[in-house]
Amino acid sequence: MQYCGDFRTTYEKDVKIFQTPFIKICMGFLGVALLALPYLIKGEYLWIALQILIAVIGAVGLNILTGFTGQISLGQGAFLGVGAYTSAYLTAKMGLSFWVGVPAAGLVTAMAGMVFGIPSLRLKGLYLAIATLASQFILEWVFIRWEPVTGGSYGIAVPRPVIGNFTFESDGSYYYIVLAFTVAMTLFATNLIRTKTGRAFMAVRDHYISAEIMGISLYKYRLLSFGISSFYAGVAGALFGHALKFVSSEQFNIGVSIVYLAMIIIGGLGSIIGSIFGAVFMILLPKLLSVATTMISADFPSVTKMVMAFEQGIFGLIIVLFLIFEPDGLAHRWKLIKAYWKLYPFSY
Amino acid sequence: MTTQYLLQLVISGLVVGSIYAAVALGFTIIYKATRVVNFAQGEFLMVGAYACYAFLVQMRVPFWAALLMTILFAVVMAMTLERLVLRPMIGEPIISIIMVTIGLSLVMRSIVTAVWGNDILVYEPKLFPQETVSIGGVPVSQEFIWCFVLSMVLLAVFSAFFKFSKAGVAMRATAFNQQAAQSMGISVKSIFALSWIISAVVSGIGGVLIGNINGINSSLYHFGLKVFPATILGGLDSILGAALGGLIIGLLENLSDGLCKAYLDLSGVKEVAPYVILVVILMIKPYGLFGTKEIERV
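These protein sequence lines map, in sequence, to chains A and B.
Take the first sequence: its position 344, counted from the start at 1, is 343 in numbering that gives the first Met the number 0, and no numbers get skipped.
Take the second sequence: its position 114, counted from the start at 1, is 113 in numbering that gives the first Met the number 0, and no numbers get skipped.
Possibly wrong hints are sitting among the right ones.
Said to hold, decoys possible - Covered stretches of chain A, going by a simulated chain B footprint (3 or more residues, C-beta under 8 angstroms):
#1 127-133
#2 136-145
#3 260-266
Just so you know, these hints were derived from the structure itself, not from any lab.
Note that the coordinates shown come from a computational prediction; the quantities given were computed from them, not determined experimentally.
Where is the CB? At the ideal position from N, CA and C, for every residue including glycine.
Okay, chain B solo, but in the shape it has when bound (with noise of 0.2 angstroms):
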């Protein structure tokens, strides 16, 4: 075990938790403002990235456009499945809500396979350039930190707009009180459509990203479940948690791992490690670092 392996562990571990902290940005907005679980976040960001795979691969359109297209494409996507699928589930108990948001993830992970099948599919032209720099004397490919930046920048915008812009100011309204925010002339349905608007666009980026250093196939979906853990760890419905419990577990995750690989001779850590730290932080702090506690008074 040397610094450099650990420092390598680290680097890998952050980017990937940068990637699960947009989505789980997604899954927060969504949750925050409409009080809904979307199991179906991980194919948001595997629609994206087959998305922008279908604009940039196949139709040759240059990077920024097919960029813009995907965002595009996601706009469209979120506002569809929000009217119809979404909309007439307002107020039904959350385990119905939970099951539709499943049974929409087989939907759309049986559309993305049988239109692009199983194979891993790869960018091509590469979106950054491959050269590789040293950080702390570890080699690190540039693409790595380009989409590190991207995804914290990403995350900055969009808690500069729930903070500063007014239909941020709205969401958060909405999300505080329903009803209050509805008198005080929001519209409600619009807010609920905003939000699964970003939390598409976000995912989607997200997916982009991801299927930029690791080419795309049909289990993209998982970086979906890894979200559960991330946001749990930061709260359900903070948006900071979100960033952090995200780089947090992606962190944990690859030390973990690599830990166990080294000493105790275990591989495939990788896949329990998050779970095992989200059942520790319930018992712990049931509400996550930054999660609203809710007080029950009779």
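Extracted from the complex, chain A is given alone in its bound form (with noise of 0.2 angstroms):
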């Protein structure tokens, strides 16, 4: 017999990925979904959805430093650049797989990423916050003029993976490619903020002194997380390189770590389903956006410059509204959701 409500007695039980069958029969629909994805959409659509799959490694890896470890960074947009060139670099110019390329990016990313993380180790708050901006700037700096690896200012034309004879040049193909990547990098994720790392850094983030006295090595885990959070973000960029097929430092600037800084905060920190909601949410945003400002600029004609600019002003906007009105998140107003479901008709 099933109780009604949801009665966990015992650890294990509790720290479940999924808890109950409705849950886990809900996830077996999402995944035949997203398998049978390419089958149903095609064209640009595809190509939003393989924005989304990558922007939510990127995500998760940011949440991982951000949301969990409480350490502000302003750079995952320079850090996916490091990957993407990082890969792109061996495979492209020294003609390595795409299979060594993605690793070696997300390692180069990590160890780049705890070069950057090193003023954490004495700084804190706002003070890293900008330290992180300035490795933004600097590596963005080093895009465009360190020319024999990057190519400057044209960039690099990077392949599509290749197995035996099958080269994965269509979206469809290279789309399992990266769902592959984004589940396993995602539960991984899952995983790793359920084991002792996952709640260090979680005692860094409340509060680092009592943290410190249980014994938690502030440096090593700070560190960590850095390096971490960077991997996610080398192999996203990496990812994306080879989606797009082609690097150039355009796509890692300070207006991509923001979005990737809003995806967290809207979607929630400290959640991995968060940064999931946040990752579609700030990648379709944009799309719709354009659909509605082309719309209203077929309608007015005399208005279309004027709309352009105030696409952007529109995503600001969305965003200080976010911020006002629902401060926790998609992913607090999911478990709202969740709660009203599991009590109705009861309101409390």
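Assemble the dimeric complex from its two separately framed chains, guided by the hints.
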């Protein structure tokens, strides 16, 4: 017999990833839907789906650093770039395989992230945020100036992955590679935060002095967090480079860092599912806005220029409104919706 | 490399640095009183410059009146933003507040481009005389001197304001301990509003000064990004630090750029030098030259 309600009597039950059979069924359906997606949508829509999957990896990574460990980073865009350029250099210029390039991109970016994370040993809060902002500008500058490696302002053309004789040339086939990476890395992150390391991250975030007194090495976990987060960024950047088949510095500017930060704040800080919601929201939003603006400018051609400028503004406005009216993010709203259905028809 | 070239670099560095100092002052005032990091500081400067352009060129108002109207405009804008956007965010984590100001900066930038477009606009008539004077054998445009002097006056006035005026003392009290200040009858809410107003006014005037020299376009907000190295160098919550930090960053930026161009044949150092300096400072002296060290005891 099933009891009404969700009773957890052991710790094992409490930390299970899929709590109830119903959620398992839902996840099953979601999995099937994700696998069938390239057969259902085509062209531009498939490209958007690809971008969302890649953004999920980057957002989960940033959430590990910012949401779980409490270290604000304004440099995620540049770290994506480090990954993209590493993989591009290894595959396009040295002729190595995609399967070497992407993990190498992750590792190199993790190293870069840890180097720029060194200030976190002495700084926190705002000072650290600004230090990471500096890393964004310095890396961006390196991307443009270090021409032998990065191709300077011309960028690098990047091949799609190959297995045997099969090239993942179409977006539909490449989608499955990205999907595999996204699922694996999201699951890894979900598991990571249930381990000793994850709990140490949260302890550092919640009260670092108490954490240190309890024997958690602040330096170790802060650097580790930077490393893991940058590894995610590196993989996401590399996948993005191969998806676009081209890597250039404009794809990794400060705006990208801001979008990633907005993803995790709007999705929900310190929540893996929040990172996913945030990634979906922030990738879809500009597309919806540009659809809306094209419709408006079709009817009123005279205001086209103005409307284009307002697209960025509306984007900013939505971020502002979201933060004022939904400060805990979409993940929190999702919890409230779930609670509503669990308690229905009683409101509390 | 002549001494003349070097002197030229120093002078232009100091002029740009004095604008950085003014904008950094605005940043510091807000941070000191409210612990909010305003990522829209550069946009404040940009909006000020465009507002003055609208009054001066488009409405043909004399300069002194245009400046006054710009200041009024900045006051109204700051009050509105503080009331509508920043006040609901009190008590939210730092990162959300950073994000709100970033969102705000996007909105302000888009409004400016929507209204005035992307072209470079020039103040007409010029505010200051154009004749050059000679400093140590280097011809320097008079507007550079005016720009430097006015920013320094601005900094001096506001330092005096904080030191001696009643409102300034109240602001320092609020910065030190909000609850204690409130229990002494200081309205923390109006202090918050006041700090935003002062910040917008100072940055707006900075915008007018820089717009007068280089002309204005929508990339003026880049000045805001250079403010972070300046404030960090000086120490986030020090007004003297903001002034010195701005000057030093302007100077180092120009010198490193000029020297790299002359000796290493490396251009574009200007864009990155302030941030390299920033990282070095953070490694050596995390709280800047004059910043308050946060001491933690258990």
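Annotated coverage of the region 260-266 of chain A by chain B, confirmed only when three residues or more have a Cβ within 8 angstroms: holds (count 3)
Are there at least three residues in the region 127-133 of chain A whose beta carbon sits under 8 angstroms from a beta carbon of chain B? holds (count 5)
Are there three or more residues in the region 136-145 of chain A whose C-beta lies closer than 8 angstroms to some C-beta of chain B? The restraint on the region 136-145 of chain A holds, since 5 of its residues have a Cβ under 8 angstroms from chain B and three suffice.
Hint violations for this structure: none, all hints satisfied.
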